[in-house]
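These protein sequence lines map, in sequence, to chains B and Y. Each residue of the first sequence is one higher than the one before, starting from 45 at the first, in my numbering. Each residue of the second sequence is one higher than the one before, starting from -7 at the first, in my numbering.
Be aware that one or more of the hints could be misleading.
[Stated by the list, open to error] Subject to a maximum C-alpha distance of 20 Å in a straight line, what follows is the list of computed SDA-like cross-link-like pairs (lysine to any residue):
#1 B:Lys198 / B:Asp255
#2 B:Lys138 / Y:Glu3
#3 B:Lys346 / Y:Glu3
Since the hints were made in silico from the structure, they are not lab data.
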Amino acid sequence: MLFSSRSVVFTLIALLGAASGMPGAAGATTAVVLNSDDDSLSVIDSQNYKEISRTHVGRGPHHLIETRDGRTLIIAMSGSNELVLIDRASGVEKQRVTASDPYQIGFSPDGKWFVAASLRLDHIDIYDGQTYELVHRLPAVSMPSHIAFSPDSKTAFVTLQGTNGLVSIDLASGKVNWAVQVGRTPAGIITRPGGTLLVGVMGSDYVAEVDPATGGIIKKIVTGNGAHNFLLSPDGKRLYVSNRVAGTISVLNADTLEVENTLQAPGGPDDMALSPDGQQLWVTGRWRAWVNVIELASGSLKTVPVGRSPHGIFVY
Amino acid sequence: MFDAVQRIIEEIQGAVFETAIQPALFQLGLMDWSEDVFDGVEFALYGALAVALAYILFRPLELWRPVERWDERRAVRTDIVYTLIHRLGVVPAILFVVLAPLGAMIDSYSRFEGYIPPEIEQLVTPLFHHPFATFLVYMVVLDFGEYWRHRLQHRLPWWWALHSVHHDQRQMTLWSDDRNHILDDVLALIWSGTLAMLIGVPPGEYPLLLIGFRLVESLSHTNVQLGFGRIGSTLLVGPQFHRVHHAIEHAAAPYDRSRGCNFAVILPIWDVIFGTWRPVASYPRTGVATLAGPTIRCGYLRHQWEGFRRLFAALAHLVDRRRVDFVAAFPAK
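Next up, chain Y with everything else stripped away, as it sits in the complex (with noise of 0.2 Å):
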C-alpha cells in the first residue's frame, strides 16, 4: 500500500518536474538548482499527501463528535489558508533556498575543522539494515528537540508573543496545526534543523520527518472528543491531551501551575519525565485569554501583521521594563 502511495508519488514528481518545472529553470538560467527543486517538489507532494490524509482521516471525527460546533466559521478558513501557504509554499521554501544552503556552509565550516557528523547507523551498527528503525530513532530525537523547543516558545516571553499567534485561536481544529507565525516557522526550522545535522539526518530525510511529525500534529489539534486513556496518554498525543495544552484557562490550576503543561509533540513520555503531564480528562475551550476580537478572527495577513506587533511589544518589554507586554498592549476586546 506504502510502496504503491510512493510509486504514485514518485511518477507524479518525475513528470511534473521534467516536463514542467525543468524546462522554466533551464529558461531562468537556474539548472544548479534543479537537485533542490526536485526534492522540493517531493516535499510539497508529500505535504499535499499529508494535508489530504488528515482531511479524509481527522475530518469525519470532527463530524462525528465534535468538542464544540460553530455557527461562523471564518477563524477556521483562516487556519485552512495557513495549512495551505506554510505547508505547500512557505515551509518548503525556507527549507530548501534558505536553510538547507546555510545548513551546507555551517556544516561545510566543519569539515574543514575535521568534524564531520557521525551517522547513527555508524554508531549503532544493527541499524544499517533497518532503514525504518533508523528513521523512528531520529524521529524519537527530534521529538525530544521539539518538547524543549515548546517549552522555550511558552517561557521566553518575546517567543511567546510569537507562538501566542498559534494560541490565539479559540476554534481548534485540524487545520491549527500550521497556524503559526512565520518567524515562528523559521525559528522551529532552525532548531530541529540543526538538531537533525547534529545527529546525522540525511539531508533527503528531514523534509519526510517533517511530514511525519505534521501528521500526528493535525490529529492533535483536531476538534473531536477523543482522549487516549490514563496509559494512551503517555505513548501518544491525541487530541484531548493537546487540547488541555491549548485551554485558555491553561495558566491556572488544574491544566497547570505556572506556564502551561502538555507540550509534548508526539510522545507525551517528555511531558511525564519532566513534569509537566497533566492527564486532566476535560475538554477545556482554547484560546488565549487576554486576546479577542478582531485581531485573532481576521484574515492570514493580518494575523501575521498582529504577530509582528506582539513580537515588538514583547522586544520593547524586554529592552524597557516599563513598557507594557505584548498581553497587556493588545487586550481583549
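So that you can see chain B by itself, here it is in the shape it has in the complex (with noise of 0.2 Å):
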C-alpha cells in the first residue's frame, strides 16, 4: 500500500472547525460537498447559505464517509485512485491512499473491513479496516454502486447498476454468498434495524425490501421515480430516500415503511445529510449543481450552489 507524502491543507475546514466551537456558533451548521465533476471540496456555512470555499481535492471526489471513532473523513477519489483521509477536528489532510478508482466505500459495523466498490472499473475491493491493506479484490457485473454491511459485520451487500443485481459478499473470504437481480438498475442500499435490507431501485419508482439470507424480495414501497438512495435519522424512526427522477424525498417511517410526507428537492436529489439539530435534510442536486436544504417542519426549500455534479455530502 502506497502513501504519499502530499500535504493538502483545508484551511477552511480548518477554520470552520476552530470556528464551530467557538462561542456563539452554537447551532450553526457546515456542510462539506463533493463535486465529482469539478475534482472539488465546497464547504457551506449556514449562517448564511453559501458557498464559502471550493479546493481543489484530486480526481473524481465521490462519496466520504467518517471513521467509527468520527476523527476523520475518508474521501473516496475515483478518478485519482486514492482515500484522503482528512481529519476532522482541524481540517488538515493525514493521508493519501492509493486505492483503485474507489466509487462508494463503507466501514463494517466492527470497522474490521473496509469495502469500496468500483463503478467505473466493475470491481469491489475489500480492505483491511485499520491498515488499508487490500485484502480481496472481487469481479463485478457490472457497475457495483452502494454498500451495505450485515449488523454483524460478515457480509458486505452489493447493488449492481449495471446488471440489475444485487450480490452477498462474505467479506473474510471474499467470496459471494448469493447474486439475484433486484429491480431495473438498484442503487442505494441499506440494512435496516431489524435486518432486512432495502435497495433503491432506480430505474423504476419504488423501494425493494431484501431477505438478506437469500436475496428474495419481501415487498415494495412505492416512493417516487428514480428511488435512489437512503437516510436513516439518528433516532432511526425515520427514513429519508432521494427519488432521482422525480425530484423528491419520500419519508418514510422506518419501522412500517410506510410513506408519511414527500419533500421537493429539484436537481436530481442524490446523498443526503441531516444537520446537528435534526431540523434540516441537506440533499445533493446531482444534474443543477446545487445543494438543496429542506425545512423538515415546513418543507421550505433553499438552494446553494456549487460545483459540478455535486455528489457526497458531510454535515456537522
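If you follow the hints, you should be able to join the two separate chains into one complex; please do so.
Structure follows, in C-alpha cells:
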C-alpha cells in the first residue's frame, strides 16, 4: 500500500472546525460537499447558506464517510485512485492512500473491513479496516454501486447498477454468498435496524425490501421515480429516500415503511445528510450543481450553488 | 468571463438533462447510463460552443483576407455537415458509448494485474495546486501523440487512403477540420484515448482536452492569409503553416522531400525536432493532385463511401501488390 507525502491543508475547513467550537457558534451547521465533475470540495456555512470555499481535492471525488471514532473523514477519489483522509477536528489532510477507483466506500460495523466499490471498472475491493491493505478484489459485473453490511459485520451487500443485481459477499473469504436480480438499475442500499435490506430501484419508482439471507424480495414500497439513496435518522424513526427522477424526498416510517411525507428536492437528488439538530435535510442536486436545504418541519427549500455534479455530502 | 460561460453551459446541461433526457432514460430503462449521458451532454454543448466560437472568431478572418475566393461552395457545405455530425453526434457517441466502456474494460483488467495508472500530479506534486497547468501538460503530451499519429496517417498506405478524405478538399475553410472518415475518427480516438489512459488523464477531462484541440485545428484550416512568422510558426500551428501541409503538391519540393511536412496539430516544435518543419511563406492550393471531380465534390454520405472504397483499394493492394493502389484506382477526372 502506498502512502503519498503530499500535504494539502484544507484551510477553510480547519477554520470552520475551529469556529464551530467558538462561543456564539452554537447551532451553526457546516456542510462539506464533493463536486465530482469539478474535482473539488465545497464548504457551505449555514450562517448565510453560501458556498464559502471551493478547494481542489484530487480527481473524481464522489463519496465521503467518517471513521467509526468520528475523528477522520475519508474521501473516495475515483479518478485519482486514492482515499484522502482528513482530520475532522482540524480540517488538515492526514494521509492519502492508494486505492483502485474507489467510488462508494464503507466500514463494516465492527470496523474490521473497509469496502470500496468501483463503479467504472467493475470490481469490489475489500480492505483491512485498520491498515487499508487490500485483502480481496472481486470482479463485479457490472457497475457495483452502493454498499451495506450485515449487523454482524460478516457480509457486505452491493448493488450492481448495470445488471440489475444485488450481491452478497462473505467479507472474510471474499466469496459470493448469493447474487440475485433485484429490479431495474438498483442504487442505494441500507440495512434496516430490523435486519432486512432496502434497495432503491432507480430504474423504477420503488424501494425493494430484501431478505439478507436469500436475496428474495419481501415487498415493494412505492416512493417516486428514480428511487435512489437512503438516510436513516439518528433516532432510527425516519427513513429518507431520494427519488432522483421525481426530484423528491420520500419520508418513510422506519418501522412500518409507510410513506409519511414527500418533500420537493429538485435537481436530481442524490446523497443526503441531516443537520446536527435534525431540523434540516441537506441533499445534493446532482444535475444542477446545487445543494437543497430542506426545513423538515415546513418543507421549505433553499438551494445553494456549488460545483459541478455535487455528490457526497457531510454535515456537522 | 470563462467562469460565466462555464456556468451558463452547466445551467443548460442540468436543465436539459433533468427535464428532457433523464425522463427519457428512465422510460427507456437506461438509467445506468445517466452519468455517462450527463457528461455526453456537456461534451456536446462544449462542442457546439467550440463550433460557434470558431465561426465567430475565424469566419471574419476568411472574409477579411481569404487565400481563395469561390463562386460555388458546395464542397464547403459538405464540411459544415461534417462538423455538425462529427462534433455534436458521431464523435460524442463513439466516445461515450463505445470507447469509454472499452477503455474501462482494459483499465479494469490492469487493476486485477496490480497496475494503477499514475496520475501526473502524483509524480509532480507541485502540479496538484495548479489544475490548469496539469491540463496544459496533458495537452502537450497528447499533442506529441497526435504528431506521430499524423505522421503514420501519411506514411501507411491504408491509413493514407482514409486520411485522404480529409486532404482531398480543395476549398479548405475553418470547417475542414472535421472532414474525416468515420473510421479515421475512431482510430484517432483510440490512439489519443489510449495515450490519455496511459498518462492518467481523468476520464472526465479527456473530452475537454479534445475540444481545446479542435479550436486550434479550426483556426489552422481557416481560409485566410495569416502566418505567424518564422519564430511564431515554431510556437503554434496557424493557417499558413497548416496550409503548406495541405498543399496539393505536397509530395514535391519545396514543401517536402517525400511524404509531407508540417504535421503538428498544435505545437510545431515537434516538426522542428523531427525534421518535418517547412516554414514556407506561401499559400499553396490544397487538395490531393490525383483526386478530383465528383468523388471530392459530393455530399457527406457519398464522401464517406468514397473513403471506404479507397480503403478497400489500399487493402487489396497491400494483399496483392499487382493490384493498383487507391490513388491509381481513383484517378482524377
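Checked hints:
1. B:Lys198 / B:Asp255: holds, 16 Å
2. B:Lys138 / Y:Glu3: Roughly 35 Å separates the two Cα atoms, so the pair is violated.
3. B:Lys346 / Y:Glu3: holds, 17 Å
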